[in-house]
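Just need the whole structure built from these sequences, with the hints factored in.
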Amino acid sequence: MEPVVRVTDLVQKRDGTKILDGISLEVYRGECFGLFGPRGAGKTAFLHILAGLDRFSGGNVEVLGCDLRKSEGFKHRLGLVTQDKSLFQDLKAGENLDFLAALKNTGRAGCYRVVEQFQLTDYLNLPVTGLAAGVYQRLALACALLNEPELLLADELFPSIDPLSHHIIAVELKKYLAGGGACILSFNNMDAWARQGFYGGRDDSGGVKGDDSGRINRVGWLEQGLLTICRPGEAAAEWERRVKSFDGQSGEDHA
Amino acid sequence: MTDKVVRTMLRQCLAVMRREVYYLWRDKGLRNILLAGSVLGLLVFYAIYSAQVLIDIPTAVADLDCSRESRQLTEDFSGAENLKVVAHPGSFAEVEELIRQGQILVGIVIPEHYARDVSLRRQGNLSIIIDGSNMIYATNAANTVLAITGRINARAGIKTLMAGGMHPDQAREAYSSVTFREEPWFNPALNYAYFLVLALALNLWQQCCMLAACQNIIGETGRKSWLQLKAAGVSKLMFFFSKSVVQITVFTLTVLPVYYLSFIVFKLPLACGFWMLFLFTLVFAVALQATGTLVSSFARTAVNSTRFGMIIAVPSFILCGYTWPLEAMPRIVQQVVKVLPQTWFFQGINYLTFKDPGWTFMSPFFSALLVIAAVSYAAAAVIASRS
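Keeping their order, the protein sequence lines are chains P and V.
Using the numbering used here, you'd call the opening residue of the first sequence number 338 and step up by one each time.
Using the numbering used here, you'd call the opening residue of the second sequence number 164 and step up by one each time.
Because the hints were derived from the structure by calculation, they are not lab data.
Among the hints, a few may not be true.
To be verified - No farther apart than 20 Å at their CA atoms in a straight line, the calculated lysine to aspartate or glutamate pairs in the EDC-like style are these:
hint, chain 1, residue 1, chain 2, residue 2
1, V, K393, P, D435
2, V, K387, P, E509
3, V, K393, P, E577
4, P, K512, P, E487
5, V, K387, P, D404
6, V, K393, P, D499
7, V, K393, P, D427
8, V, K399, P, E409
9, V, K387, P, E487
10, V, K191, P, E487
11, V, K191, P, D427
12, V, K387, P, D435
13, V, K393, P, D404
14, V, K393, P, E409
15, V, K399, P, D391
16, V, K393, P, E432
Said to hold, decoys possible - Interface residues of chain V toward chain P, partial, derived using beta-carbon atoms under 10 Å:
hint, residue
17, Q175
18, L177
19, R182
20, D190
21, G192
22, R231
23, R279
24, S282
25, R285
26, Q391
27, L392
28, G396
29, V397
30, F402
31, F404
32, F529
Claimed, not checked - Ranges between beta-carbon positions, derived for each pair:
hint, chain 1, residue 1, chain 2, residue 2, range
33, V, V538, P, R351, 48 to 54 Å
34, V, S530, P, Y365, 20 to 26 Å
35, V, K167, P, Y365, 27 to 33 Å
36, P, T466, V, A199, 22 to 28 Å
37, V, T486, P, L461, 52 to 58 Å
38, P, R351, V, W438, 26 to 32 Å
39, V, V408, P, L461, 53 to 59 Å
40, V, W438, P, T466, 28 to 34 Å
Computed from a predicted model, the values in this text were never measured in an experiment.
Ideal Cβ placement from N, Cα and C applies to all residues, glycine included.
Structural data, given as structure tokens:
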């Protein structure tokens with residue numbers, strides 16, 4: 338099976354410093370890849386390269402079969418949720434959907450579909466600057482899914498948002514992946530993701546709710562420009578180990 | 164290109180245009196500036212120049228001779244259309260003091276023995292002092308005084324000839340064998356309102372337009388929403404072309420109330436037809452928008468772009484040769500200012516409103532504006548594509 342993302346020896350320099358140092362990665366259809374790293378690790382830079390927003394210094398990147406140095410043909414099959422609020426601040430919520438639908442060459446039907454999916458009807462006439470964080474994030478994901486993309490890139494999809502919005506986003510993401518879409522989600526709060534069973538949610542007994550589909554399959558741990566790929570459980574365990582080691586140091590200091 | 168691609172592109176263009184209209188309309192500051200700035204400017208400038216010509220220039224006549232002839236001279240100056248005799252000082256020093264204090268702008272001193280000297284056919288030396296600190300006042304005062312002194316000279320000459328035994332008619336004929344008839348064409352009354360009001364309002368208008376145009380590229384690329392546009396794979400050319408079309412349309416529409424008030428309400432002169440003026444304004448709007456777009460392509464921030472835009476737009480009216488002729492500027496400046504669309508526009512507006520010189524004469528003006536537009540757009544496209 339052809340990967341939707343194939344990255345080989347990717348190097349990105351900023352002001353002479355390597356922020357990505359020879360990253361290689363393949364992501365396949367239906368896969369949900371978690372990109373973890375502390376703030377400033379280069380997650381956003383990596384996602385921006387994959388989205389064709391930024392040029393890169395070295396290596397090869399293919400997205401949806403397109404070499405990024407040669408073609409932008411993949412962009413109409415791509416969805417992007419950025420970490421910063423990148424919707425059009427001068428437009429209302431509904432106008433953002435309309436405008437992006439026109440730019441992505443999708444019909445009005447796509448707008449109606451995502452409005453229903455993300456329960457946005459009550460917010461369409463509001464300026465995006467006035468939306469609560471959760472509603473804004475629902476709108477951002479709705480805009481990203483307007484063109485029914487084959488690859489979704491989401492930078493911090495679950496910031497501090499209300500439980501309803503969290504639930505709606507998780508459900509729709511699961512549906513998207515079940516439909517054969519691939520996604521790369523970046524996050525910097527391992528505890529929150531681990532508590533949520535890497536977004537699947539936990540049942541009352543602490544186990545993972547429902548089936549495994551739609552949960553993060555692999556985690557790429559980005560640190561000092563290098564990407565280490567592991568299973569979500571391993572990533573969570575490593576995170577826990579580090580937290581404990583710091584806890585220990587902290588105890589020594591207090592002693 | 165298939166129909167589908169064309170339809171898609173057209174739909175995208177319309178969406179970008181609609182969004183640009185929303186943007187211009189919802190930015191209250193920009194909207195008010197564009198809609199009201201130049202109209203308010205026109206009203207204020209028309210009010211300022213409502214007198215249209217300078218009259219009642221404060222004048223003092225110091226009659227040190229106190230003769231019949233000197234009183235006749237004083238009456239001549241008192242009856243002058245543009246002068247208003249407000250003081251009759253008793254000495255040259257008093258006249259000087261009044262000018263220094265700003266109470267008068269013209270001081271006339273009729274010396275002692277003036278009547279005697281004229282009768283003896285000696286030269287009568289009148290002192291006329293003009294306050295040159297205000298150029299407009301000084302020029303008007305000088306012109307008025309020149310006209311009066313010309314009449315006085317002629318009268319004195321005729322008297323001299325008559326005193327020599329010549330018949331009065333012969334003497335008058337001898338003095339009027341060469342007549343000088345001044346005929347200011349296109350603005351016969353040398354009306355300041357005709358000359359300045361429209362130009363000043365258009366200067367304000369072009370500055371407001373430049374303010375909007377110099378946000379064209381950086382106003383998008385400097386925002387987070389640029390990420391959405393890039394991720395959507397939208398053609399930059401299509402995007403900025405659509406935005407530019409809206410801006411040019413808005414610029415052209417916002418000048419129409421200025422033209423309506425100027426030509427219909429205030430009856431300012433318009434020698435050429437309206438459509439010629441409209442076409443010329445439209446071409447200028449394109450060139451101005453192109454210049455603003457170029458500025459917005461290399462500026463690093465929106466604030467810097469505004470600064471650069473204003474650095475061009477604000478002094479351009481002084482540099483364009485409207486108020487001070489280009490030919491009187493240093494040669495290097497004459498060449499440099501030709502790259503500014505304002506230079507061609509204001510020169511062209513002067514010709515069109517006063518003279519209607521026709522297509523042949525105006526074609527270099529149209530061509531220059533179109534060349535400036537083409538070069539600016541091309542440079543902006545290169546810079547934007549590389550950034």
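Hint check results:
Under the criterion of a C-alpha separation no larger than 20 Å, the hint pairing K393(V) with D435(P) is consistent with the structure, at around 17 Å. Among the hinted pairs, K387(V) with E509(P) is inconsistent with the structure: their alpha-carbon atoms are about 25 Å apart, more than 20 Å. Taken as a hint, the K393(V) and E577(P) pair is broken in the structure, with Cα atoms around 38 Å apart against an allowance of 20 Å. Pair hint K512(P) plus E487(P) holds up; C-alpha atoms about 13 Å apart against a cutoff of 20 Å.
As the CA atoms of K387(V) and D404(P) are separated by approximately 25 Å, the hinted pair breaks the 20 Å bound. Annotation: proposed proximity of K393(V) to D499(P) is violated, straight-line Cα distance about 29 Å (limit 20 Å). As the CA atoms of K393(V) and D427(P) are separated by approximately 18 Å, the hinted pair is consistent with the 20 Å bound. Between K399(V) and E409(P), the direct Cα distance comes to roughly 13 Å. Compliance with the 20 Å bound is thereby established for this hinted pair.
Taking the CA atoms of K387(V) and E487(P), the gap is near 24 Å; set against the 20 Å cutoff, the hint is violated. Of the supplied pair hints, the one linking K191(V) and E487(P) is violated, its CA atoms being roughly 40 Å apart against a limit of 20 Å. Between K191(V) and D427(P) the CA atoms are separated by roughly 11 Å; this keeps the pair inside 20 Å, and the hint holds. Between the alpha carbons of K387(V) and D435(P) the distance comes to roughly 18 Å, so the proposed pair stays at or under 20 Å and holds.
Restraint check for K393(V) and D404(P): the C-alpha separation of about 17 Å stays at or below 20 Å, so the hint holds. Taking the CA atoms of K393(V) and E409(P), the gap is near 10 Å; set against the 20 Å cutoff, the hint holds. A threshold of 20 Å between alpha carbons decides the hint, and for K399(V) with D391(P) the separation of about 15 Å falls inside it, so the pair holds. The hinted pair formed by K393(V) and E432(P) meets the criterion: a straight-line CA distance of about 18 Å does not exceed 20 Å.
A hinted interface residue such as Q175(V) counts as satisfied when its beta carbon comes closer than 10 Å to some beta carbon of chain P; here the least separation is about 6 Å, so the hint holds. With its C-beta approaching chain P no nearer than about 8 Å, L177(V) sits inside the 10 Å limit, and its interface hint holds. A least Cβ separation of about 5 Å between R182(V) and chain P falls short of the 10 Å threshold, and the interface hint therefore holds. With a least beta-carbon distance of about 7 Å to chain P, the hint placing D190(V) at the interface is held under the 10 Å criterion.
Restraint check, G192(V) versus chain P: the minimum CB separation of about 13 Å is more than 10 Å; hint violated. For R231(V), the interface hint is violated, the least distance from its beta-carbon to any beta-carbon of chain P being 80 Å, above 10 Å. Hint status for R279(V): violated, given a least beta-carbon distance of 84 Å to chain P, over 10 Å. Interface hint at S282(V): violated, since its Cβ lies 84 Å from the closest Cβ of chain P, which is beyond the 10 Å cut-off.
Nearest Cβ of chain P to the Cβ of R285(V): about 82 Å, over the 10 Å cut. The hint is violated. At about 5 Å, the closest approach between the beta carbon of Q391(V) and any beta carbon in chain P falls short of 10 Å, and the interface hint on this residue holds. Taking 10 Å as the C-beta cut-off, the interface hint given for L392(V) holds, the closest approach to chain P being about 7 Å. Among the interface hints, the one on G396(V) holds; its C-beta lies about 3 Å from the nearest C-beta in chain P, closer than the 10 Å criterion.
Nearest Cβ of chain P to the Cβ of V397(V): about 5 Å, under the 10 Å cut. The hint holds. Hint status for F402(V): holds, given a least beta-carbon distance of 9 Å to chain P, under 10 Å. Against a cut-off of 10 Å between C-beta atoms, the interface hint on F404(V) is violated, since the closest Cβ of chain P lies about 14 Å away. Taking 10 Å as the C-beta contact cut-off toward chain P, the hint placing F529(V) at the interface is violated, the least distance being around 35 Å.
For the pair V538(V) and R351(P), the supplied restraint of 48 to 54 Å is violated, since their beta-carbon distance comes to about 34 Å. In this structure the hint that S530(V) and Y365(P) lie 20 to 26 Å apart at CB is violated, the actual value being about 59 Å. A hinted range of 27 to 33 Å holds for the C-beta pair K167(V) and Y365(P), which are about 31 Å apart. Taking 22 to 28 Å as the suggested C-beta distance range, the pair T466(P) and A199(V) conforms, at roughly 26 Å.
With their beta carbons about 53 Å apart, T486(V) and L461(P) fall inside the hinted range of 52 to 58 Å. For the pair R351(P) and W438(V), the beta carbons lie near 55 Å from each other, so the given range of 26 to 32 Å is not met. For V408(V) and L461(P), the hinted distance range of 53 to 59 Å is not satisfied, since their beta carbons lie about 28 Å from each other. The hinted range of 28 to 34 Å is not satisfied by W438(V) and T466(P), whose Cβ atoms lie roughly 43 Å apart.
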